[in-house]
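Enquirer: So the protein lines, in turn, are chains A and B.
Just so we're on the same page, my numbering is the position in the first sequence counted from 1, plus 159.
Just so we're on the same page, my numbering is the position in the second sequence counted from 1, plus 1.
FYI, nobody ran anything at the bench for these hints, they're computed from the structure.
Lysine to aspartate or glutamate pairs mimicking EDC-like chemistry, simulated, CA-CA at most 20 Å apart: (1) A/K355 - B/E181; (2) B/K208 - B/D22; (3) B/K208 - B/D26; (4) A/K161 - A/D188; (5) A/K355 - A/D304; (6) A/K362 - B/E181.
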Amino acid sequence: MKFLRKTFDNAHAALNKSEKTKKYFPLVDAIDTLIFTPNHTTQGGSHVRDAIDLKRTMMLVIIALIPALLFGMYNIGLQHFYAQGIEPAFFDAFLHGALRILPIIVVSYGAGLGVEFIFAIKNGHTVHEGFLVSGMLIPLIMPIDTPLWMVAVGTVFAVVIGKEVFGGTGMNIMNIALTARAFLFFAYPTQLSGNKVWISGFKEMQDNGQVVDAVSGATPLGDLAAVGIAQEKAASLMELASSAVAEKAAVMTEKASALYAEADLLLAKVPTLEQSLLGFYTGSVGESSTIAILIGLALLLQTGIASWKVVVSFFAGGLVMALTFNAVGGNGYLELPALNQLFLGGFMFGMAFMITDPVTAAQTSTGKYIYGFLGGFLAILIRVVNPAYPEGVMLAILIANVFAPLIDHMVVSANIKRRLKRVKTA
Amino acid sequence: MSEVAKREPLFSKKNKKLITDPLNDTNPVTIQVLGICSALAVTVQMSNAIVMSISVMAVLILGNVIVSLLRNLIPGKIRIIVQLVIVAALVIIVDQVLKAYVYDVSKQLSVFVGLIITNCIIMGRLEAFALGNKPWASALDGLGNGIGYGVVLVIVAFFKELLGSGKLMGFDIIPESFYEFGYMNNGLMLLPPSSLVIVAIYIWIQKSRNPKLIEN
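Same shape as in the complex, but just chain B:
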């Protein structure tokens, strides 16, 4: 690749697409179906989902930038293990930060913060994008995919928390009078399988609005 004579602007059309595409057409969760496990596990409460999304986003952006910076130094044969070391180090940092500042949430997320290492989205982006692109574009790609992941997580958590425990961010939303009329919280929504249903409905709506996403 030869250096382009004219400097590309920071937010060129191509760079903007790096952020907007993962939100819709190449969404890591609903279209590529990556990172589903954590989407099932940490979405009972919205606050957990938000913290989780931010953690994944941080790891994704930093990991992308670091790998992109090292992309010409990493030998192809051992690139996976190098990427793993980088991601693992980042995850440990994120875990320590969470423990220091939001201990309660960190306790609820428990093992799932550690499991960010195995989140397919991260390895996927490192392999597919950061290894072949410059740091700034990689950072944007990380940001886009992080947001794409977070949006789905928060939407799933919104429905699960609202229907499952009648709360949002821990505040009671459904008025007491509903319960007096016989309304009950939906216990299924507190169980992981319900996330599959909600993600499935999300995919359904997304694909019916955008038929070109439907694969044969």
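Chain A with its partners taken away, still in its complex shape:
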């Protein structure tokens, strides 16, 4: 410890020697305060006294992300070997996953912190801590086969356009990690969605003929979207058949039943409730295991970093929408049991780590309920109704982010109105 302290002190002294190097102070300061609690105290009136500062908060979120990350490493390796029909040893799977995920983490942090340093030096302030969490979230919400340069491009875009233009950490309107993902999703749709990116090295394995037939590479949500499409097509064929001449009707019914069979096959592959709790299925790196995510969420709720109001209302919003779909019915996707629906894909991950981001969430107490509900509601709506966006959670949370200030404004002005009334009648 003493050695470390001395190193930093020496570095500060060396920088302070000349005017030219003084502007690189944020570089050293950032690493220094990451390890040591800063020694300086607030000058002038301080309003909030708290043992925890922004950097410590960020570290807690990262600790909360670790279960999802570790599970992601194991699961990525597992899916890689399963696709080849191999039952891997625990360590083999974990090692494969870790080796695939680590470069993404390094690139994400490298690109994001690089931009942060440039802005810090240019604007003459210390490096903001905001990217510590974003840098870990970005790898966790990417498909494992995303090329590294895309991760870098997405990260730089998100940090510059999503955050720095609004004034840096704490000023951003939209979640940085989701901005990065949404940018990449629309910029390079073939690399961020579809059937070939969710299992590590899937394309090469497919070219070499190593993939076993049962594995399609699709995520459960991708399968479900296909189920919905197939069943609707089959239903419309059956309808046509009822009014067609006998020979044509026979052909149509045959086609329809083939589609139904195909849908049933896909439905059988969708994880059960238990499986989706455990999370051994394909998806973005950190999103699949509900249990690992809930461990992290418990830590965030316990420390008060995540607001339970947002979490509960987000879950309720998703549940209401899913139950509505269940009641309406029509195809296999709509009729998927509500809890199953919520435990699949990025919904739980979004609930634990994205919607709870205090910067982009609504600030008022009532606003938090509305904000969370809106996010959860839209997440399931987009996911189910538009098969092109199986990751509706991402878009829904971004929309909720955009609406958060408006929600706050409405809540505050409603409150003022209510209390003004009281004054006037008295």
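Assemble the complex: chain A is given as a structure, and chain B must be docked to it using the hints.
Expert: Relative to chain A, chain B alone:
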């Protein structure tokens, strides 16, 4: 206004400013934020952006001159509708010329040529300048604002076409070897929202170079 005794030279300092100001300090797109819709819609290819800019410029100059010539005859109460008739007539002429000479581009620009009528830049300049100034100054003002609009459009289109489809003016620019290394065209750049981002970066750079443009 009394007639000035000495004739003002054609390109006096004041007249030159009419052309140069819209390029930077009073740029219709980036500073006044007018005509954004067409900047979003027709910038996927550079050739489209260039044709569009020339069309707007033509309408702007001619419209400015005509309105300026008629400025003392137009009754104030119905001036908007008179201006609209003039602009609409000009737009129809431009549309017909485009259809006759550059049919492909005209087809791609589709409704946006017709929508020049509603382009805020044109009504804005007619209202703010042509109604109160002489024809020659109005023509210069139209030219300046037309160029100011065109420059932004072409810059946006340059980035959108280069990053979105790897081409410029329809020619492949990004070498094949890039794609073999895994480079991909950015699909977002082909969608209208990306123009907002590029225009925003343009404004950012412009205002950071010229802090007096920053409003509170």
